[in-house]
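**Q** Listed below are the residues making up each chain.
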Amino acid sequence: MTSDLITVRGLKVSFASDAGIARVLDGVDLTIRRGEIMGLVGESGCGKTTLARAILGILPANAARIEAGQIRFEEHDILDLDEASLATQLRGRQIAYIPQDPFTAFNPVFTIGTQIDDLMRFKSPLLREGRLSARERRRADRLRVLEMLRLVQLPDPEGVLRKYPHEVSGGQRQRLMIAMALLPQPKLVIADEPTTALDVTVQAQILTVLKRLARDRGVAVLFTTHDLGTAYEICDRITVMYAGQEVEEAPVADFFARPSHPYTRKLLDSLPSSENGIRGITGEIPRLVDPPPGCRFHPRCERATEECRTTRPPTHAVAVAHDVRCHHPLQDSA
Amino acid sequence: MSADLILDVDDLHKHFAVRDVWKRKVGSLRAVDGVSFAVNRGEILGIVGESGCGKSTLGKTLMGIQQATSGRVVFEGNDIAGLKPHQSRRYRQHLQYCYQDPGASLDPRWTIRSSLHEPLVVHTELGEAERETRVREILRAVGLPETHLDLYPHEISGGQQRRVGLARILTLKPSVVILDEPTSGLDVSVQATILNLFLDLQRAFGLTYLFISHDLSVVRLVCHRVAVMYLGRIVEIGDTEAIFETPRHPYTQSLLAAIPRIGGPRVTDHFSLEGEPPSPINLPTGCRFRTRCPKAAPVCAEQDPALRPDWPGQQAACLLAT
Chain G
75 MTSDLITVRG LKVSFASDAG IARVLDGVDL TIRRGEIMGL VGESGCGKTT LARAILGILP
135 ANAARIEAGQ IRFEEHDILD LDEASLATQL RGRQIAYIPQ DPFTAFNPVF TIGTQIDDLM
195 RFKSPLLREG RLSARERRRA DRLRVLEMLR LVQLPDPEGV LRKYPHEVSG GQRQRLMIAM
255 ALLPQPKLVI ADEPTTALDV TVQAQILTVL KRLARDRGVA VLFTTHDLGT AYEICDRITV
315 MYAGQEVEEA PVADFFARPS HPYTRKLLDS LPSSENGIRG ITGEIPRLVD PPPGCRFHPR
375 CERATEECRT TRPPTHAVAV AHDVRCHHPL QDSA
Chain Y
14 MSADLILDVD DLHKHFAVRD VWKRKVGSLR AVDGVSFAVN RGEILGIVGE SGCGKSTLGK
74 TLMGIQQATS GRVVFEGNDI AGLKPHQSRR YRQHLQYCYQ DPGASLDPRW TIRSSLHEPL
134 VVHTELGEAE RETRVREILR AVGLPETHLD LYPHEISGGQ QRRVGLARIL TLKPSVVILD
194 EPTSGLDVSV QATILNLFLD LQRAFGLTYL FISHDLSVVR LVCHRVAVMY LGRIVEIGDT
254 EAIFETPRHP YTQSLLAAIP RIGGPRVTDH FSLEGEPPSP INLPTGCRFR TRCPKAAPVC
314 AEQDPALRPD WPGQQAACLL AT
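These protein sequence lines map, in sequence, to chains G and Y.
If you count by this note's numbering, then the first sequence holds residues 75 to 408, one letter each, in order.
If you count by this note's numbering, then the second sequence holds residues 14 to 335, one letter each, in order.
Be aware that a few hints might be false.
[To be verified] The list that follows gives simulated cross-link-like pairs (lysine-lysine, DSSO-like), each with its CA atoms no further than 30 Å apart:
1. G:K285 / Y:K308
2. Y:K97 / Y:K73
3. Y:K38 / G:K237
4. G:K237 / Y:K186
5. Y:K73 / Y:K38
6. G:K197 / G:K285
7. G:K285 / G:K237
8. Y:K36 / Y:K73
9. G:K86 / G:K340
FYI, nobody ran anything at the bench for these hints, they're computed from the structure.
Produce the entire structure from the sequences given, and follow the hints as far as they go.
**A** If you want it as structure tokens, here you go:
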């Protein structure tokens, strides 16, 4: 069990909205092992960003309510930690974050160098050791920063540090975000749709860099995306979410070879390709204010039975490390 | 061939002046820099490229939202590029532009009926009863019940708003519709519904589409022909199958190689294209792709390649392509 870095159990999060209480996460289980890239896949509104934020402890305090559940990160229980120790020990140190939009993540009035210096002043891994004087540490950090900027393949690292965020392209900003996430030497990086705003050729470059650096450093990554193709590129394992519940989890090869949840199957079929043509999923994503009881996918599922309408399916193992939450999982691989 | 030619674009340019803080002109941004292509009636032409390649500016210049700097746009036999907005209005009612989310352009304080009547009031002499007949007919075509006419936009779902937005475009019986990124930002399961609607409407009304998109897998399924743009130019154009099966231009090849293909070799293991497109204010000499091109040779810095029709159903602007 020591290989598990983070385990989420039965997490329930609700948001107060005008229409009522939206149950955005409803009993989510998730495990990420050390050094693995876990893809969290789902359509908009399925709760993947909420889950990522819950792990970081940055859910909006006035709207979100954690109703139940547990998030264990190594020996810490994240939901029980107070804000101060979360901020000093975990967030930004052990658990780093790469946002979807790298532009709004920077402060537009300071140079990139200043912002990276600020990061290192508070989150440098050398702080933990505490052997060096402040001056020695700054010098050592500066070298580490330049080294990291070279690793994410930014052309002219010294020059980039003197620039303002608007002076570099979207792809370069996302490289900077990856560098800044890895500089504190975290154990887990949460990447929230990091390539959605980028063009395909830049996306391919960014994914390559992220995958290689995570591998080389043994950093685990929680990679949320709505794009199964991207998940195929970078992930070791994939978890699919639907309307606030995880429905299937499998190693990447098994996932694409033997999708077992009807929703996963339909999601794969709706990818545009010459074999599939253009096929959608009939019906609409349920409103989270009054979600359907039982399995939340049952109104759109032709395999649904009475059982599906009343009880949420437990986790079945359909293969080694391949779990599915369905009363009637698909058996064949076709 | 020329009998069913509906849109003929010849050497179209759209340059924007770049000014310093004193409003002095310091350069020009060549967003569309010599684009020529022709579209036949009933055809779906895909225009693909990465952000900043000028594909949206091209659409807006054709539409007259931006005035062309130079070049000709012959639409149904009339050159509309140089005309003032009031002169071109009667031609342009048959040329319509569909924004990314057509539903977002509905006035929240108007009923669906008012929104759908408006284009007819502006552009035609039809009486109220005739307009109502036309509006009901179009509303049925986009798959909405007539009871929706009396509702306000906030009372219907986002997908239905999209349909109303489309209906609004179709009330004027356009012959060409420019679709600007119609599926970006949609989940795959919703995307399919919208694409099928586009295809149904195209068949039902005999429409011609210019389908502007950055999503190559969608373009492959929907379009008959594809034009690939890079920094304001079409670098390759041809039949969809030819472009996807045997891309000739190195940029098209890189673009296709960058798409993740489930089950295939991973892009992250072998992707080779480096860098990002240079600024369109400061274009490289010769071929504009040469700064990133894996095959660039000295000759590429000297000559600006034109589209070569050297392959059946396919043209590419590359000196070295074979």
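**Q** Are the Cα positions of G:K237 and Y:K186 separated by 30 Å at most?
**A** Roughly 51 Å between the alpha carbons, so the hint for G:K237 and Y:K186 is violated.
**Q** Does G:K197 pair with G:K285 here, judged by a C-alpha cut-off of 30 Å?
**A** holds, 23 Å
**Q** What's the verdict on G:K285 and G:K237, does the C-alpha distance respect the 30 Å limit or exceed it?
**A** Measuring from Cα to Cα gives roughly 26 Å; hence the hint holds.
**Q** When you check the alpha-carbon spacing of Y:K73 and Y:K38, does it fall within 30 Å?
**A** holds, 23 Å
**Q** For a C-alpha distance cap of 30 Å, please report whether G:K86 and G:K340 respect it.
**A** holds, 26 Å
**Q** Between the alpha carbons of Y:K36 and Y:K73, is the straight-line distance 30 Å or under?
**A** Roughly 25 Å separates the two Cα atoms, so the pair holds.
**Q** Can the restraint linking Y:K97 and Y:K73 be considered satisfied, given a maximum Cα separation of 30 Å?
**A** At roughly 15 Å apart (the allowed maximum being 30 Å), Y:K73 and Y:K97 satisfy the hint.
**Q** Hey, Y:K38 versus G:K237, does the alpha-carbon distance stay inside 30 Å?
**A** Measuring from Cα to Cα gives roughly 24 Å; hence the hint holds.
**Q** Is G:K285 within 30 Å of Y:K308, Cα to Cα?
**A** holds, 27 Å
In summary, the structure is inconsistent with hint 4 from the numbered list given earlier, while agreeing with all the others.
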